[in-house]
Each structure stands twice: as structure tokens, then as C-alpha cells.
Amino acid sequence: MRVLFEEIRFRTARKRELVDLTEEVRSIVGRWNVRDGILLVFAPHATASLVLNENEEGLVKDILELFERLIPEGAGYAHDRIDDNAHAHLRSSIAKPFVLIPVREGELVLGTWQRIFFIEHDGPRYERRVVVEYVGT
Amino acid sequence: MRVLFEEIRFRTARKRELVDLTEEVRSIVGRWNVRDGILLVFAPHATASLVLNENEEGLVKDILELFERLIPEGAGYAHDRIDDNAHAHLRSSIAKPFVLIPVREGELVLGTWQRIFFIEHDGPRYERRVVVEYVGT
Amino acid sequence: MRVLFEEIRFRTARKRELVDLTEEVRSIVGRWNVRDGILLVFAPHATASLVLNENEEGLVKDILELFERLIPEGAGYAHDRIDDNAHAHLRSSIAKPFVLIPVREGELVLGTWQRIFFIEHDGPRYERRVVVEYVGT
Numbered sequence: 001m002r003v004l005f006e007e008i009r010f011r012t013a014r015k016r017e018l019v020d021l022t023e024e025v026r027s028i029v030g031r032w033n034v035r036d037g038i039l040l041v042f043a044p045h046a047t048a049s050l051v052l053n054e055n056e057e058g059l060v061k062d063i064l065e066l067f068e069r070l071i072p073e074g075a076g077y078a079h080d081r082i083d084d085n086a087h088a089h090l091r092s093s094i095a096k097p098f099v100l101i102p103v104r105e106g107e108l109v110l111g112t113w114q115r116i117f118f119i120e121h122d123g124p125r126y127e128r129r130v131v132v133e134y135v136g137t
Numbered sequence: 001m002r003v004l005f006e007e008i009r010f011r012t013a014r015k016r017e018l019v020d021l022t023e024e025v026r027s028i029v030g031r032w033n034v035r036d037g038i039l040l041v042f043a044p045h046a047t048a049s050l051v052l053n054e055n056e057e058g059l060v061k062d063i064l065e066l067f068e069r070l071i072p073e074g075a076g077y078a079h080d081r082i083d084d085n086a087h088a089h090l091r092s093s094i095a096k097p098f099v100l101i102p103v104r105e106g107e108l109v110l111g112t113w114q115r116i117f118f119i120e121h122d123g124p125r126y127e128r129r130v131v132v133e134y135v136g137t
Numbered sequence: 001m002r003v004l005f006e007e008i009r010f011r012t013a014r015k016r017e018l019v020d021l022t023e024e025v026r027s028i029v030g031r032w033n034v035r036d037g038i039l040l041v042f043a044p045h046a047t048a049s050l051v052l053n054e055n056e057e058g059l060v061k062d063i064l065e066l067f068e069r070l071i072p073e074g075a076g077y078a079h080d081r082i083d084d085n086a087h088a089h090l091r092s093s094i095a096k097p098f099v100l101i102p103v104r105e106g107e108l109v110l111g112t113w114q115r116i117f118f119i120e121h122d123g124p125r126y127e128r129r130v131v132v133e134y135v136g137t
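Protein chains in written order, with the numbering used here: chain U, 1 to 137; chain E, 1 to 137; chain X, 1 to 137.
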């Protein structure tokens, strides 16, 4: 049994944005030379989410606007009395900070249109981290 | 350590619907004759979700209506300029395409009212797939 | 390979509330004396959620109000004809009843502001259960 970790570190440039981590995650899994298992992609942050979906410019815009519409910034939140990012915490509570992906014969089992996105809800940030963890053979 | 896979393939009949996969998943796990581990039920699709909840006719209707109310179809999404299913991608981004379930002494650890649902957000589809993966003893 | 289980049982006092399980989960993992793996925290309930976020009094209030605003109680749901808790089932369908956390060198890999919350959507309840499961070395 193998349990493997790697951490991706990156900065975010905008207040809110989607960062496509698919190729970096795929390349980590490739270097590990694993067989069958599961992959946990986890953001140790309370103001970010991880999502699997299509990397299409219009859809990326739609996803950001959906969060803004459902959970608007500055809508009288109690947490904003001590900070200014309640909306970001709430977005991360609903769209959680992790995804799981099967790994089979060394390959991520992703659908044609599934990409691994980190969603920055409270940027820009000098350093964001994503833990990539594998459990399997 | 055992890592086991099986894929469920099925067609969906309606534009949006819930498909209860519980018995099929339970029967797969039964055939595997496993002991203790975790089960990942994963849809390799960007316009579907997996959810654990009660299979009651009224609630099934409520779940579909909730998605329609929170993320209505055709509400001016940018992605709809190149396709017509932005709402389905957005619903899958919020209600993710996987669930995890503990397996203990060969049995799924599910609450009395928890059933495993595949949610079709963009049907009907000739073929939908769900990967059932086990990691454990 | 080790697969370990422990169950946390507790009662909830209010109709809806957040219960911070972080210290109890951390103490379970500490007693297990494990190394590297993943932790599944799973509620076998159809009217509860598990969420990772900050334990700040204002934010806790904001999270409960967000659910009330997005999925109000008694808004004409079909399931309410046979029960009175459709809103709680719907909230659990969106904000799922599990979280995953990496465990590295025996420690939970959580961000500074990430706490493990059980969300009661349909209390008070005499007994709620959370399954804590570890798979790793």
C-alpha cells in the first residue's frame, strides 16, 4: 500500500478566479508511477473551493457569477464585522475545499469535460496551497 | 489491501431526474466480499451529481425543483452561447459528482434514509457511467 | 494497511446549529497512533451536513442564515405533505454529509481556519452519530 503526498503552491492574481490544476495534478500522479487507488485534492483554506468541471471561458465566468448571485459579497453578514470576507467563507462552506478522483492503471479517471479547478473566493493571495494525496497500490 | 472497481452504465430517460443506484452499488459490494474500507461513487460527467438522501417521491420532486430555482435553465449564461446546458454544468459544480461511504464488515454504512442518487441535470442521455471504487481490506 | 473506525454520538439542542467536532476527531486520530492516510468524517443522516470552516461566532450565524435564505423552511415542498423537514433534507443534499481530510505523520492536515462542523438541519435530536474512518498506514 502506498500513501503519497505532494503540495502545489501558487499565487492568485484576482479577487475571485478559477485556477485549472489538472495538468499539474496529472503530472504529479504520472511521476508517482502508481497503479490503482484514490486521489484526494484538498485545499487547506476556509475561503477556497475545489470543483470538477469544464474549462470553457464562458462557463468559468458563469461559475464565478453563480457564487456572486447566490452568496453576494457584503450582504450584511455578521462575520464581516470582524473581517470583510464572510461571502468567501460561505462559498467555501457550500462548495467544499476538496474533490476525490479514482486512479486506475495510473491514470486519473476523469470525464472528457472534467477539469480540476481551485476556486479563489478571497484573493489575490500571495500563497495558496493544495495538497494532492494518493492512497492505493 | 484491495482496490476494486466496477462501472455502472445506464441510460437516463428525462431531461432531469434522480436515479437510485443504492441496490446496484450494494450488490457490487456484496459480490466483492470485502471487509473494511471506503467506497467512492464517482460520475465522470460534468453535468451530473451524486447525492445521498431519502428516496421519497415528494422529496425527489423537491430536489429537482430546488436546482431549478437556485440555478434556472437559460438565465443568460455565457456558456449557453456555445452550448445549451450551462445550468447543468453549474448544478454539477455545486452538488459534486461523487460521494464517499464507509464500508464496515462488508456493509455500506448508510443511515436509514440515505440512498445513493445519481442526478441527471442534462438528459436524456443514451449512456451515463458511474465508477464504483473500493479501497480497503 | 490500517482501516480504523470510531463513532461519535451526541445530542443536538436546537432546531439548527453547528457542532464543532474538531477536538474530538483530533483526539481519536491521536489515540490511533497512525501515520499517513485519509480520514473520512461521515454522518449517516439525511438531514445533516458536514462542513470545514472557521469557528467564529458571527460566521456560524451567517452559515445558518445562508441555509435559511437559500432553502427556506416550509416553502411549499412536496415532502412536507408527509413530514415537516423537507428543507433539512434539501440542505443535506446540497451541503453533503461528509468531509475528507488528509492525515500526514499522524496529524490532520487542516488550514489555520478550518474546523470540522456537523450541521444540524432538523433538531433537536436525542442522538446524532458521526462515523470517523481512517484508511492508511
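Bear in mind the hints are in silico, worked out from the structure with no lab data behind them.
Any given hint could turn out to be false.
Unchecked claim - List time: in silico DSSO-like cross-link candidates among lysine-lysine, alpha-carbon distance up to 30 Å:
1) K15/E / K61/U
2) K15/E / K61/E
3) K61/U / K15/U
4) K15/U / K15/X
5) K61/X / K15/X
6) K15/X / K15/E
Stated by the list, open to error - Just so you have them, the derived chain X footprint on chain E, three or more residues with Cβ under 8 Å:
7) 10–21
8) 81–90
9) 93–100
Glycine is no exception: its CB is placed at the ideal position from the N, C-alpha and C atoms.
Does K15/X pair with K15/E here, judged by a C-alpha cut-off of 30 Å?
violated, 35 Å
Within 30 Å, alpha carbon to alpha carbon, are K15/E and K61/U?
holds, 24 Å
Does the alpha-carbon distance linking K15/U and K15/X stay inside the 30 Å limit?
Status violated; Cα separation ~35 Å.
Given the hint that K15/E pairs with K61/E, does the C-alpha gap stay at or below 30 Å?
holds, 13 Å
Need the status of pair K61/U, K15/U: alpha-carbon distance at most 30 Å?
Distance of about 13 Å is within 30 Å: holds.
Within 8 Å of chain X's CB atoms, at least three CB atoms from the region 81–90 of chain E: coverage verdict
Coverage by chain X is violated for the region 81–90 of chain E (0 residues, Cβ < 8 Å).
Counting residues of the region 93–100 of chain E whose CB is closer than 8 Å to a CB in chain X, do you get three or more?
With 5 residues closer than 8 Å to chain X, the region 93–100 of chain E meets the three-residue bar; holds.
K61/X and K15/X were given as a pair; does the straight-line alpha-carbon distance stay at or below 30 Å?
holds, 13 Å
Can you take a look at whether the region 10–21 of chain E is actually covered by chain X? Rule is 3+ residues, C-beta closer than 8 Å.
Violated: only 0 residues of the region 10–21 of chain E have a Cβ under 8 Å from chain X.
Taken one by one, the earlier hints fail for this structure at numbers 4, 6, 7 and 8, listed in ascending order.
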